[in-house]
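All chains, full assembly: derive it from the sequences and hints.
Take the sequence shown: its position 280, counting from 1, is numbered 280 in our numbering, and each next residue is one higher.
These are computed hints drawn from the structure, not numbers from a lab.
These numbers were taken from a predicted model, which means no experiment stands behind them.
Ideal placement from N, C-alpha and C gives every residue a C-beta, glycine not left out.
Mixed in with the good hints there might be a few duds.
Calculated cross-link-like contacts (lysine-lysine; reagent style DSSO-like; alpha-carbon spacing at most 30 Å) [said to hold, decoys possible]:
(1) K41 with K207
(2) K31 with K136
(3) K150 with K12
Label-pair distances were calculated between CB atoms; the ranges are [as the list claims (entries may be wrong)]:
(4) E602 with S667: 25 to 33 Å
(5) R600 with D449: 47 to 55 Å
(6) D377 with D585: 39 to 47 Å
(7) N720 with K392: 27 to 35 Å
(8) N720 with D585: 52 to 60 Å
(9) D196 with F107: 19 to 27 Å
(10) M479 with S667: 28 to 36 Å
(11) K242 with G374: 21 to 29 Å
(12) D196 with D449: 32 to 40 Å
(13) N720 with K589: 46 to 54 Å
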Amino acid sequence: MTDKSHDFEKAKENILEFFSTFYYENDDGNKIFPYVDQIQKIAERQQVGLYVNLDDVFDHDPGLVDDIRQNAYRYHRLFADVADELIQQHLNGSQPPVRDALDAFIFQRVYMDQIQKESEAQAGTAAEAGNDIKKKYPPDLLRRFEVIFKDRSTEKCLSVRELKAFHVGRLVSISGVVIRATEVKPAASVITYTCDTCGCETYQPIKGPSFIPPLNCPSKDCIETKAHGRLQPQVRGSKFVKYQEIRVQETSDQVPVGGVPRAISVNVYGECTRSCSPGDEVQITGVLLPLVHNGFRQLIGGLSADCKTSVNLNDRFFKAIVTLAFGCGLLKRYFQSNGDYEIDGELTDEEINLIAQENFYDLLARSIAPEIYGHLDVKKSLLLALVGGVDKLANGMKIRGCINILLMGDPGVAKSQLLSYVDRLAMRSQYTTGRGSSGVGLTAAVMKDPVTGEMTLEGGALVLADQGICCIDEFDKMMDSDRTAIHEVMEQQTISIAKAGIMTTLNARVSVIAAANPAFGRYNSQRSIEQNDKPDKENDKSLAEHVTFVHMNLHEPEIEGVKPLSMETVRKYIAICKREQPVLDEKLKDRLVDVYVELRKEARTNKDSTYTSPRTLLALIRMSTALARLRLADRVNESDIEEAIRLLDACKTSLRSEQKMQRAQISPVERAFAVIRDLYEASKTIDTPGVLLETAITKCIGKGIPKETLEKCVEEYSANGVLMVDSKQRIIFTT
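Below is the structure:
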């Protein structure tokens with residue numbers, strides 16, 4: 001025991017030497033003592049956190065870093081004790097410049113104890129009159145700062161599932177996504193009790209998330225007289241710190257195939273609170289500790305782990321007493337709340353030369369999912385959605401800049417692969433499917449706080465993807481009630497909640513990229529394989545060569561002699577583009593007005609092909625500003641507007657060509673199916689949607705379609721699994 005204490009005393013001497021002697025030289029060659037400066041600011045109440053960089057400790061003594069990592073909780077207290085001594089030396093008996101209610105309480109107690117000690121010394125009854133009076137108070141009660149470590153830059157960051165029993169009590173760094181953050185509440189650090197019999201004060205330092213208050217007074221007077229005085233808590237003499245609990249879950253790339261994402265609770269105290277929001281991808285450095293249960297849960301927890309210690313190692317929590325970045329509190333965030341990205345380093349000269357080409361726009365678009373052949377206009381649209389337009393805020397009115405995209409196409413055209421790539425490319429994103437998500441899972445759910453028992457909100461996919469991208473696959477498979485939950489998000493960028501007495505509005509500034517199959521899409525059995533899938537020799541040859549090259553070389557080929565950019569390069573460039581805030585020139589106003597009027601005129605002429613509304617004009621403006629951001633320009637020029645018009649026209653052209661083909665090749669069976677479909681859509685307003693077979697026959701005969709054709713249509717579509725006829729002779733769609 002003596003040797004161990006001696007080792008910790010040597011460690012304190014080493015820490016004192018580190019605080020006092022460590023320095024670095026600035027550009028002028030002057031010596032800067034960072035920790036002496038920090039301690040001076042803490043003594044003068046100008047700073048709360050004492051930030052210790054473990055890289056600096058390693059330069060001073062590599063062995064001390066190993067000791068910190070192996071016994072982080074103890075060395076965290078040793079650093080605080082040494083800092084206390086240096087602060088007292090700096091004050092030299094004087095009072096700090098800023099005083100609060102707790103300062104007045106402590107000053108009064110120390111003053112009264114000093115008078116009592118002096119009177120006892122004069123009477124000769126004091127055993128040790130020269131002792132420091134402040135030693136009777138817990139250090140946490142007198143301490144007005146907290147030690148915050150910054151982990152070494154060379155240390156590996158673990159995932160939640162990589163935390164093992166070996167890491168208990170050690171300093172480790174984990175990464176993940178914040179899925180829940182509670183409100184910041186006061187947590188007791190030191191509780192002061194007053195005896196109702198003898199008036200003696202007792203102090204109880206709180207070291208964990210729970211504690212058991214003492215019942216009887218431990219003072220000498222109460223023990224001798226056997227008075228068993230009751231202790232009453234004294235709130236004004238106690239010390240409280242800010243406390244917050246966050247829930248961190250593994251990111252999608254950390255979860256193995258077929259696995260379920262794991263999560264862990266992180267207890268955050270003091271200046272580390274309010275450092276993150278749900279949806280932030282973070283790195284946290286802290287100490288993994290077992291959770292000790294009290295009361296009835298102590299019995300259950302002890303039986304499941306260790307009956308002697310009553311510690312359940314299956315229930316664990318992560319105490320974040322350290323940080324990764326100076327000045328930012330708890331964690332290092334890859335994404336800031338104002339929409340700016342934090343990227344690891346700027347673009348290199350080589351990357352700038354690759355991007356700074358005449359056709360950089362096509363190069364960036366081809367670099368999105370380069371393993372997928374073609375779909376250049378679709379990739380350009382996804383690139384604009386990643387960059388986004390510019391939000392307009394004025395006098396409480398908001399015009400969104402996020403671009404929403406719906407990819408509509410037959411199965412097997414790489415819609416899901418495009419969404420998956422965008423999910424991996426975006427700095428902040430969420431990926432879900434229509435059948436695997438609900439309205440509550442997309443917006444927000446009401447949960448009970450495990451600490452306070454209060455009802456709290458836990459954000460869904462759209463809230464977690466705030467200032468990012470939310471990819472929804474199989475959009476057509478969603479229930480209508482769930483799909484309507486995202487309408488407010490897509491336009492107003494907010495989620496209004498009125499549940500369980502909670503009425504609030506959450507931010508959901510997110511771009512929604514969805515993929516869906518066409519309604520009533522099917523394989524036409526009346527046509528041959530060539531008619532259902534029209535071959536094209538040149539296109540098929542290029543596609544086959546592209547696919548075979550990817551499978552043989554495990555990377556995408558060069559397109560037109562240009563190698564696609566890496567995902568990291570594209571991500572860095574998008575982060576730089578999002579910093580720009582381009583505006584529209586006054587001279588481009590007339591061009592936009594003319595385009596909108598022309599689109600409205602075309603929509604009136606071709607009523608069955610397209611629909612143009614004021615939102616179409618806003619979409620053109622958003623795409624134009626996104627294109628200006630890609631050029632890193634501060635103003636939108638005419639070429640940006642022309643490209644936005646071209647993309648919009650390309651979208652409508654794909655619809656027109658499909659509709660023309662359908663009108664040219666429609667058969668009597670398809671005409672009968674169209675009649676059934678229209679009747680079925682009209683019947684959805686009633687409780688039991690469906691079309692009576694007799695009603696369909698009457699309607700078809702009225703349009704010149706024989707009864708035999710209708711029966712043949714029902715037979716073919718029933719075989720394809722599109723519709724069925726129930727026992728009541730009603731036609732019901734199954735898809």
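Could you check the structure against the hints above and give me the numbers of any it violates, in ascending order? The structure breaks hints 2, 6, 7 and 11; every other hint is satisfied.
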